[in-house]
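With the hints as extra help, turn the sequences into a complete structure.
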Amino acid sequence: MYIEIINEEFDPWQKLVDYKKSQLKDRKNIGACSVFLGTMRDINSGDEIKSMELQHYPEMTESYLEKISENTIKKYKIIDTIILHRVGLVSPSDPIVLVATWSEHREDAFEATREIMEALKSEAPFWKKESTDKGFRWVEPQAEISEDMNEV
Amino acid sequence: MYIEIINEEFDPWQKLVDYKKSQLKDRKNIGACSVFLGTMRDINSGDEIKSMELQHYPEMTESYLEKISENTIKKYKIIDTIILHRVGLVSPSDPIVLVATWSEHREDAFEATREIMEALKSEAPFWKKESTDKGFRWVEPQAEISEDMNEV
Amino acid sequence: MYHSLIIMVIVVKYFASISDAVGKTSEKIVLQHEMTVGEVWTDVSKNIKYAGKVMTAVNHEYVDENYLLRDEDEVAFFPPVTGG
Amino acid sequence: MYHSLIIMVIVVKYFASISDAVGKTSEKIVLQHEMTVGEVWTDVSKNIKYAGKVMTAVNHEYVDENYLLRDEDEVAFFPPVTGG
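These protein sequence lines map, in sequence, to chains A, B, C and D.
Residue numbers for the first sequence follow this note's numbering, so the first one is 1 and each next one is one higher.
Residue numbers for the second sequence follow this note's numbering, so the first one is 1001 and each next one is one higher.
Residue numbers for the third sequence follow this note's numbering, so the first one is 2001 and each next one is one higher.
Residue numbers for the fourth sequence follow this note's numbering, so the first one is 3001 and each next one is one higher.
Hints in this document: simulated from the structure, not taken from any laboratory.
Because the structure is a prediction, the values reported are computed rather than measured.
Some clues are possibly wrong.
[Stated by the list, open to error] A few chain A residues that face chain B, going by a derived Cβ cut-off under 10 Å, partial list only:
(1) 20
(2) 38
(3) 41
(4) 93
[Stated by the list, open to error] In silico contact screen, one side only, chain A against chain D (beta carbon under 10 Å); selected entries:
(5) 54
(6) 96
(7) 124
(8) 140
[Said to hold, decoys possible] Only pairs whose alpha carbons sit at most 25 Å apart, straight line, appear in this in silico DSS-like list of lysine-lysine:
(9) B:1129 - A:28
(10) A:15 - B:1021
(11) C:2028 - C:2053
(12) A:75 - A:28
(13) B:1025 - B:1015
(14) D:3013 - A:129
(15) A:67 - A:20
(16) A:20 - B:1021
(17) D:3053 - A:134
(18) C:2024 - C:2053
(19) A:129 - B:1028
(20) C:2013 - B:1129
(21) A:20 - A:74
(22) B:1067 - B:1077
(23) C:2049 - B:1134
(24) C:2053 - C:2013
(25) B:1020 - A:21
(26) B:1021 - A:21
(27) C:2024 - B:1134
(28) A:129 - A:50
(29) C:2053 - B:1067
(30) A:77 - A:25
(31) B:1129 - B:1050
(32) D:3013 - D:3024
(33) A:21 - B:1015
Even glycine gets a Cβ: it sits at the ideal position worked out from N, Cα and C.
In structure tokens form, the structure reads like this:
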């Protein structure tokens, strides 16, 4: 299990290859790897986005990403997981999030990667502030927040 | 859309990075990339597998992988897809199949990659022959074949 | 009136365990009358031991056993696929 | 009998649009009596304009508005998250 919050542009595939080589080299029971990469689009809600500031709540973010990974490892037959997430000033096409899971069989990896992403989207304390021609704006979440997220 | 049947060991992540750089460089509307990598396990059905021969039906395989990609692109909002599949003599830990899809939003990429893999597993004419201490054996399919696959 | 003489030549391909059972990977077969894919399989498999499922394709498309063959068709018999 | 005097110090953190609305990223608040997270929010937000949803965490765990604060708790108020 590996989690990293990254404050500068990063190469997600190189990170993945390095982790696999250093940590999973001898795991010959791996049959499946499911990866999701989220990158910054240059258009959102119809406006051109020049750049984006990714804010987070450091201590809570780390602990939530660990929790999400652990829950997923408990639920599926997962050999390992990594979550990398960018913070700071992001430009269009930059990688924002990489989630990868390894398992023996494909169903576990598919389900796990997707669940990690959904949990990250609704629970991990990150916030996006976009810079457009009209100025700055905080991004609104797309979907309803999940029920275990309580509000004041 | 890119499809390749590969007769030697290959680096799936390098292939992915190269394709992205050469074909999708200027696609700044990409927000999501979902990747599945299938690798050879060293144990199957309780036996140690020393190596595996991957046979295929060349003309039909290519045409089915194209068909699968096209169907998926029609069904979801997909920017591009690649499918790479190994044939020939494969060793434990070797990559066998790489599927990647790019889309604006994560749901499309997640669904598309999974559907391509499921269709590939049930329709694309590849066969695995394992080499164990007990000799060679053809791998049996795990699940029921889908209904549009007719049998004599 | 003449009774028309039908002579068709098809190519039959075998893969994986079916190829092992038949002992060849492909052959040309001359059909003296119209035949379905299922009838050809009955013919070519009558002296072999093969108990598993058989998938059939003609010209690289899956077809069912009732598919009526035409001259120069490429027929394939193979077990359920196991790629990926 | 004495009426016990409760004095608790909590740290409050604000993020994203809520931090913009409050005009600060964190502050220490002294509580003279027991308070829930919801009561603290009512207090700190009484002079600001913020119409959106508010998420609350105490010591890096999500809690609901009825969570009763203890000395040295770290409270956070933030809008729904938008990472990934």
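Status of the hints after comparison with the structure:
no.	hint	result
1	20	holds, 9 Å
2	38	holds, 6 Å
3	41	holds, 4 Å
4	93	holds, 5 Å
5	54	holds, 7 Å
6	96	holds, 7 Å
7	124	holds, 5 Å
8	140	holds, 7 Å
9	B:1129 - A:28	holds, 18 Å
10	A:15 - B:1021	holds, 17 Å
11	C:2028 - C:2053	holds, 23 Å
12	A:75 - A:28	holds, 22 Å
13	B:1025 - B:1015	holds, 14 Å
14	D:3013 - A:129	holds, 18 Å
15	A:67 - A:20	holds, 22 Å
16	A:20 - B:1021	holds, 22 Å
17	D:3053 - A:134	holds, 24 Å
18	C:2024 - C:2053	holds, 18 Å
19	A:129 - B:1028	holds, 18 Å
20	C:2013 - B:1129	holds, 18 Å
21	A:20 - A:74	holds, 21 Å
22	B:1067 - B:1077	holds, 16 Å
23	C:2049 - B:1134	holds, 21 Å
24	C:2053 - C:2013	holds, 16 Å
25	B:1020 - A:21	holds, 22 Å
26	B:1021 - A:21	holds, 23 Å
27	C:2024 - B:1134	holds, 24 Å
28	A:129 - A:50	holds, 11 Å
29	C:2053 - B:1067	holds, 24 Å
30	A:77 - A:25	holds, 19 Å
31	B:1129 - B:1050	holds, 11 Å
32	D:3013 - D:3024	holds, 8 Å
33	A:21 - B:1015	holds, 17 Å
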